[in-house]
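Given chain A, put chains B, C and D with the ligands in place with the hints provided.
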Amino acid sequence: MNLEVKIGKLILKNPVMTASGTFGYGQEYAEFIDLNRLGAVVVKGLSLLPKVGNPPPRIIETPAGMLNAIGLQNIGIEKFISEKVPFLLGFDTSVIVNFFGDSVEEYVKAAGRLSSVDGIHGLEMNISCPNKQAGWCIFGTDPKVTSQVVGAVRRETDLPLIVKLSPNVTDISLMARVAEEAGADALSLINTLTGMVIDIKKRRPVLGNLTGGLSGPAIRPVAVRMVYEVYKAVKIPIIGMGGIMSAGDALEFMIAGATAVAVGTANFIKPSSTVEILDGIVSYMEAEKLEEISSLTGAAHAG
Amino acid sequence: MNLEVKIGKLILKNPVMTASGTFGYGQEYAEFIDLNRLGAVVVKGLSLLPKVGNPPPRIIETPAGMLNAIGLQNIGIEKFISEKVPFLLGFDTSVIVNFFGDSVEEYVKAAGRLSSVDGIHGLEMNISCPNKQAGWCIFGTDPKVTSQVVGAVRRETDLPLIVKLSPNVTDISLMARVAEEAGADALSLINTLTGMVIDIKKRRPVLGNLTGGLSGPAIRPVAVRMVYEVYKAVKIPIIGMGGIMSAGDALEFMIAGATAVAVGTANFIKPSSTVEILDGIVSYMEAEKLEEISSLTGAAHAG
Amino acid sequence: MSRYFRARIKSNLPLNRNHRLLSLVNMERMKDPLPGQFYMLEVSKGNDPLLKRAFSLFRRTSEGFDILYRIQGKGTALLSEMKEKTELDVLGPLGSSYPAPVAGETPVIVAGGIGIASVYSLIEQVRGSAYLLYGAREKDDLFMLDELKAMAREFFISTDDGSHSVRGSVIDMLKGFLSERTSSEQNIVIYACGPRPVLKEVASMADAKGIRAHVSLEEHMACGIGACLGCVVKVKGQEQAGEGSSLYKRVCKEGPVFDAGEIEW
Amino acid sequence: MSRYFRARIKSNLPLNRNHRLLSLVNMERMKDPLPGQFYMLEVSKGNDPLLKRAFSLFRRTSEGFDILYRIQGKGTALLSEMKEKTELDVLGPLGSSYPAPVAGETPVIVAGGIGIASVYSLIEQVRGSAYLLYGAREKDDLFMLDELKAMAREFFISTDDGSHSVRGSVIDMLKGFLSERTSSEQNIVIYACGPRPVLKEVASMADAKGIRAHVSLEEHMACGIGACLGCVVKVKGQEQAGEGSSLYKRVCKEGPVFDAGEIEW
Ligand SMILES: Cc1cc2nc3c(=O)[nH]c(=O)nc-3n(C[C@H](O)[C@H](O)[C@H](O)COP(=O)(O)OP(=O)(O)OC[C@H]3O[C@@H](n4cnc5c(N)ncnc54)[C@H](O)[C@@H]3O)c2cc1C
Ligand SMILES: Cc1cc2nc3c(=O)[nH]c(=O)nc-3n(C[C@H](O)[C@H](O)[C@H](O)COP(=O)(O)OP(=O)(O)OC[C@H]3O[C@@H](n4cnc5c(N)ncnc54)[C@H](O)[C@@H]3O)c2cc1C
Ligand SMILES: Cc1cc2nc3c(=O)[nH]c(=O)nc-3n(C[C@H](O)[C@H](O)[C@H](O)COP(=O)(O)O)c2cc1C
Ligand SMILES: Cc1cc2nc3c(=O)[nH]c(=O)nc-3n(C[C@H](O)[C@H](O)[C@H](O)COP(=O)(O)O)c2cc1C
Ligand code: FES
Ligand code: FES
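Chains as they are written, first to last, in numbering that gives the first Met the number 0: chain A, 0 to 302; chain B, 0 to 302; chain C, 0 to 264; chain D, 0 to 264.
It should be emphasised that the hints constitute simulated quantities derived from the structure, not laboratory data.
Each hint can be trusted.
One-sided and incomplete, this derived list gives chain A residues near chain D with beta-carbon spacing under 10 Å:
1. E30
2. G52
3. N73
4. G242
5. M244
A virtual CB, placed ideally from N, CA and C, is assigned to each residue, including glycine.
So that you can see chain A by itself, here it is in the shape it has in the complex (with noise of 0.2 Å):
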């Protein structure tokens, strides 16, 4: 049985990777799984400079779903490369790491300081920030912007350079194609939608950002349509995710379209998901006599 997957030019072993800002830098889930086992560890959202984030509190569940809104608090990419870096180059797994910037220049700084690296598989560009409490983060929703990022970024980086794009969007086939032809190697959907909660006792927004980001299984239909719909538009690989919490989850996932999946919130709840996934894949694809998990990908648009 073959569970390798191609993003990019980088070959992940198996498509179960983690999803940034669910699985912290890798060590803190160290004691409860196998790192060597996943496809992929992909890391918190860095920025250049550390970021303090949000004025709690900064989560609440939801009906099967969670609203978080953390504001990408991170240690800096300096800190992760000298604390962290060394650390994951004790796995035998991918690492990619997750980035974003206030600004076009500070996207391709950081970029090209993570580019530099030894032990760093692959950047993911968060383009989403559904957190943002001022209105709407135009990297990810203005497609003349994302344009000019994601092209700005690739010029910057060899990397295999992955774009997560958000789905507070109207037509997120269209940000798919923007972000293949500014030379994106790779698609990650989805971020997650953005929500509100309010106290009615405070009638106040309970969230200190007030809004937040919605995931978990609340929101899988919406992530499954929009992989669906992606893979239609572009030629690249796309690494789909949104509530997936079992091997069922992740298979609707990669038959709608995804080469990988990310296991997200799942992580919370229960720490050793990622492998129980990997391990419910494989009894399908044994279930279905199947040999390649590549022949999968898309298998919903066939016939």
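Quick look at chains B, C and D with the ligands alone, frame taken from chain A:
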């Protein structure tokens, strides 16, 4: 205690309405609740001619939600007028007719015909069509087309005109402003989010229509956020909906900015949901010593 | 006497690894159900699972009614864990019923698997007069054999694996029965509930022989009362634009029992 | 010996209308917990509620550990309905613990309401040497009074409504205690768990008197292991851009027990 709310020139005796497509033509629920208690009955979406709807399966449950792809099946405006309006005339509640068309002309004709009928107190224009398989329904996502179709209907009718917005857009505030400028008296939000579920055994989408509209508690945080945003963008009243299951949920929408609320999927789970929600709102007002329900609208934005 | 009421679980008896017999006690007076009608039962208090689940009336009891069910997915799994005294929201009885055979008609009742749940109360109703054909996957999936035997005019059983009675499908039995008896029995009318492929075969056999057949269908349901238009099946008829709504019928309202000839299989 | 394991419910005892004592039996060997640490417990098998819930170690038992909890919302309501023998996923022990008092220090332990759950095992640890101040809303919300009495050096109780012992808040008691005893008792160190306003008062009193105080905080949590950055509290320190991450600390990792002087209240 004053529960009255104003939707344009229409005064509702209380803010609890039904969401279109989840309450049939009213008749189906008359056995379970006293329709006289409702602020308004909003009927299943109607078109000039009857519509067949989508092939089955049309429904699939999802985590804390459901996808539907009814395909706007309806008996057509003429049959509604002859067979359903007489029944509804027997109740002391406002009747709001949800309608749609496949062209600006159809929208206008439908609005014109409905405006000539006694016993219809308001029109709700559905410009969302989440189930359109062939990509996006431009009425609800392209601001120029939205403006054109709303403006045309506005010129045709003197009834209170509610425009129901699609949540599948990048900037809901923009769509809200466009509808307001084109003459809408009020806005309904949200319609369903487009989603998909895949059967991993058959490796095909479950729904006959492939995609469907996601409703229920799963989408509530997205809906509340959109109401909150739109409240800041427009002056006309908002009818909030999306996953309202309890009085607390309804109050979240009002505090976020809604003048009235509509109960949808909850009717399927508990046919008495609407009246229980109304009772719960009254209890809340008593506990919080509120005299005017309208004082809650947008309270989250104060101070 | 409302069709929306609360019921208390009297017992929730395991029949085998994945079948249960649920006895409910109505906490309010309920409308008398007819054979073939169904109920929508609450299976969770939370939002997941969200929707009620549809179950046929298995049989009326002195205090309420019984449901015979198979554990299928998460809703029925949750139901199977519910203990005595648990209270549930119930909608029903809902939908159409099996039209009682008229004088001179010979009822032939066909049940495939859990389909027995839907026809059991019909068998009670026509006690003594019906031929009963009951097929299941294996011996363990056959229920209430003694009771059924006592009520059937003649009782035929088959299992897919031959672990009880004849090896074969209920369709094989029906084929045999019809080819043997159509001449001796004058006015056969078929009642059938089971997996869709079985019902489709029943329909085509009945059609070929010019026999009336009433079949009970299943579809995913949200409301159960005709409001959501979610549970439709295609019926034969005019597909011209505008005539539309007659192309589909609602399983929860016009069904679940349909004339087999009416369905576009 | 993993911090992610399954546990079986031995008992789930109602203490009053909304408090329960949950006894869990570990099904695998677990790491020894320290006073002040906590566990994340699974409260449902489905997707709603989705996240695990945080509960302090109440006390270690021979077979596992106990949790004392208040029914607060839907997760704890579900937990309260769980029967003996139910199995749960558990993460823990997690987070920081109450630093044991060093020689010469006099521990003063302050518990407001359900805060008793967090300090109980500390009281066991320092048995005989600690002053204990325990306040609750009313008589019925006071638990384990006999056990506590036996372990405390001196035991002070108050209720908001005066239905047991002194009427007043635990803060009033602490105020009185400190003004009376600060001179006689040399090295007082405070340990406190309770509602945030209580802890804030404790912190400011301790600060005014130059006393060290360890407080246990609560925040909404998703992961419980430091990965999601969801459970932060603001700590005193530099807010300059770039120095950022030091502005917030994680309740699940650096906490739940913090030095009161460190928190930006
Ligand atoms: C009119 C009618 C009568 C029925 N009578 C019985 C009966 O007497 N005994 C019995 O065991 N079963 C009966 N069923 C089937 C029963 O409703 C399903 O097995 C049950 O809904 C499965 O729910 P689940 O959560 O366990 O499965 P899941 O597969 O997890 O359910 C997911 C969704 O699909 C729906 N669904 C899945 N299977 C079916 C199905 N076969 N029919 C309709 N909806 C389905 C569920 O309601 C739910 O919305 C009947 C169905 C209908 C429509
Ligand atoms: C470190 C720590 C230790 C705790 N120890 C105990 C204990 O020993 N006994 C006890 O009764 N309670 C304790 N709590 C509080 C307990 O976690 C909450 O009461 C519980 O999560 C409420 O869940 P719910 O679903 O019933 O409430 P809901 O209000 O329905 O919960 C909604 C969401 O908010 C979160 N939430 C609600 N209240 C709290 C809270 N006070 N703290 C953290 N998250 C909350 C829930 O986890 C959930 O994600 C502790 C909390 C923390 C952080
Ligand atoms: C607490 C939290 C933090 C997240 N942080 C990031 C981040 O830093 N960068 C990013 O691209 N996505 C981030 N995400 C989004 C996830 O990577 C993922 O796209 C989303 O949660 C949907 O997947 P899920 O439903 O499986 O969680 C975060 C999600 C959560 C829940
Ligand atoms: C089965 C079903 C049918 C619907 N039909 C219509 C419709 O005809 N017209 C319309 O504007 N909205 C329709 N809707 C959308 C609802 O009116 C409502 O906007 C949406 O379901 C969100 O609310 P809820 O989560 O409370 O159901 C339909 C929703 C459902 C579930
Ligand atoms: S289930 Fe709603 S119409 Fe049949
Ligand atoms: S709960 Fe996730 S970091 Fe604390």
